[in-house]
Amino acid sequence: MPDNFQRVSPLADIAIQGRFGADHGAPGVTLSVRHPVLIATVIARKGKAKALADALKSWRGATVQWAGAEQYFLLDKPFDEVRKKLEGLASCSDQSHGRVIIRIEGPKVRQVLCKGTPVDLHESGFEIGKSALTQMAHVGVHLTRVGRDAFELSVFRGFSESFWEWLTEKAEEFGYQVI
Amino acid sequence: MLIKCPHCGTRPVEEFTFNGDASIQRPTSNDPATMDQWFDYVYLRDNPKGRFDEYAHHSSGCRAWLVVTRDTQTHEIFNVVTARDYAKKRVAS
Ligand SMILES: [Zn+2]
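Taken in sequence, the protein lines are chains A and D.
The first sequence maps to residues 1 to 179 in the working numbering.
The second sequence maps to residues 1 to 93 in the working numbering.
Keep in mind that the hints were calculated from the coordinates and are not lab data.
Bear in mind that the values here come from a model prediction, so they are computed numbers and not experimental data.
Yeah, the Cβ is synthetic: ideal placement off N, Cα and C, and Gly gets one too.
Check each hint, because a few of them may be wrong.
Keeping only pairs whose Cα atoms sit at most 30 Å apart, straight-line, the calculated BS3-like set for lysine-lysine is [unchecked claim]: (1) Lys77/A / Lys57/A; (2) Lys108/A / Lys4/D; (3) Lys46/A / Lys49/D.
Partner residues aside, some chain A positions facing chain D, computed with beta carbon under 7 Å [what the hints assert, rightly or not]: (4) Gly68; (5) Gly116; (6) Pro118.
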């Protein structure tokens with residue numbers, strides 16, 4: 001199915017580039033919005049969890065993030081390809097318009113995030129590539145560690161504006177930049 | 001109160017939505033003669049003091065249905081399993 005919709009980020013007019021908050025020293029965190037991005041939810045069919053995990057593991061170029069028991073977010077692959085590849089193994093749905101991914105990185109990233117989530121984000125227990133489902137400021141957040149001091153926060157599109165406001169407010173004391 | 005989700009690890013109780021007694025079983029018959037069983041199933045609940053199996057939905061986490069066994073008096077948690085495993089175990093026993 002051709003995608004005729006122009007994808008507009010709900011944060012297009014809100015995530016303004018620049019330096020904000022505390023203005024001394026290097027910024028504590030850097031924020032950016034990943035847009036556009038291909039996102040599919042993938043949920044294993046009955047009895048296919050192992051086969052699905054294997055298929056995802058060996059799929060080059062796909063970014064696979066754990067998103068609950070026998071469920072994943074699959075990034076960076078066109079939805080038609082996802083559905084074709086995983087036919088019979090999983091139920092898939094295109095979430096590219098439905099979710100917003102905010103990338104946050106920098107030396108103060110854990111101090112910012114721990115204001116919102118009880119999940120222990122220390123790298124000894126939360127390695128690069130690991131994901132967790134949690135809540136920050138009453139918004140359901142899917143977070144993934146993508147680097148030592150870098151995380152991706154995926155939220156429902158409709159909550160992204162208020163979540164952005166909350167997140168930037170929490171980052172103010174450290175100084176943040178938006179790129 | 002902290003609950004150890006089998007999928008997510010230890011999480012605060014605020015992330016969960018509780019949905020009552022997990023030990024009751026839905027009647028299988030639609031025969032009107034079983035109306036008493038249905039009445040019990042739909043309306044009647046015990047209010048036990050002590051050990052209690054309770055449905056918990058990890059609504060702000062992995063969205064899995066779980067069964068938490070806790071002491072209603074002390075809130076000590078003995079066990080957390082997925083509702084799927086709980087049901088399988090019940091069928092097996
Ligand atoms: Zn969970």
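Hint check:
A threshold of 30 Å between alpha carbons decides the hint, and for Lys77/A with Lys57/A the separation of about 14 Å falls inside it, so the pair holds. Using a Cα cut-off of 30 Å, the hinted pair Lys108/A and Lys4/D holds, with the two alpha carbons roughly 28 Å apart. Of the pairs offered as hints, the one joining Lys46/A and Lys49/D is violated, with about 38 Å between alpha carbons and a cut-off of 30 Å exceeded. Interface restraint check: Gly68/A against chain D, minimum CB-CB distance 4 Å, threshold 7 Å, status holds.
Residue-level restraint check for Gly116/A is violated (minimum Cβ-Cβ distance to chain D is 12 Å; threshold 7 Å). This hint holds: Pro118/A has a C-beta 5 Å from the nearest C-beta of chain D, less than the 7 Å allowed.
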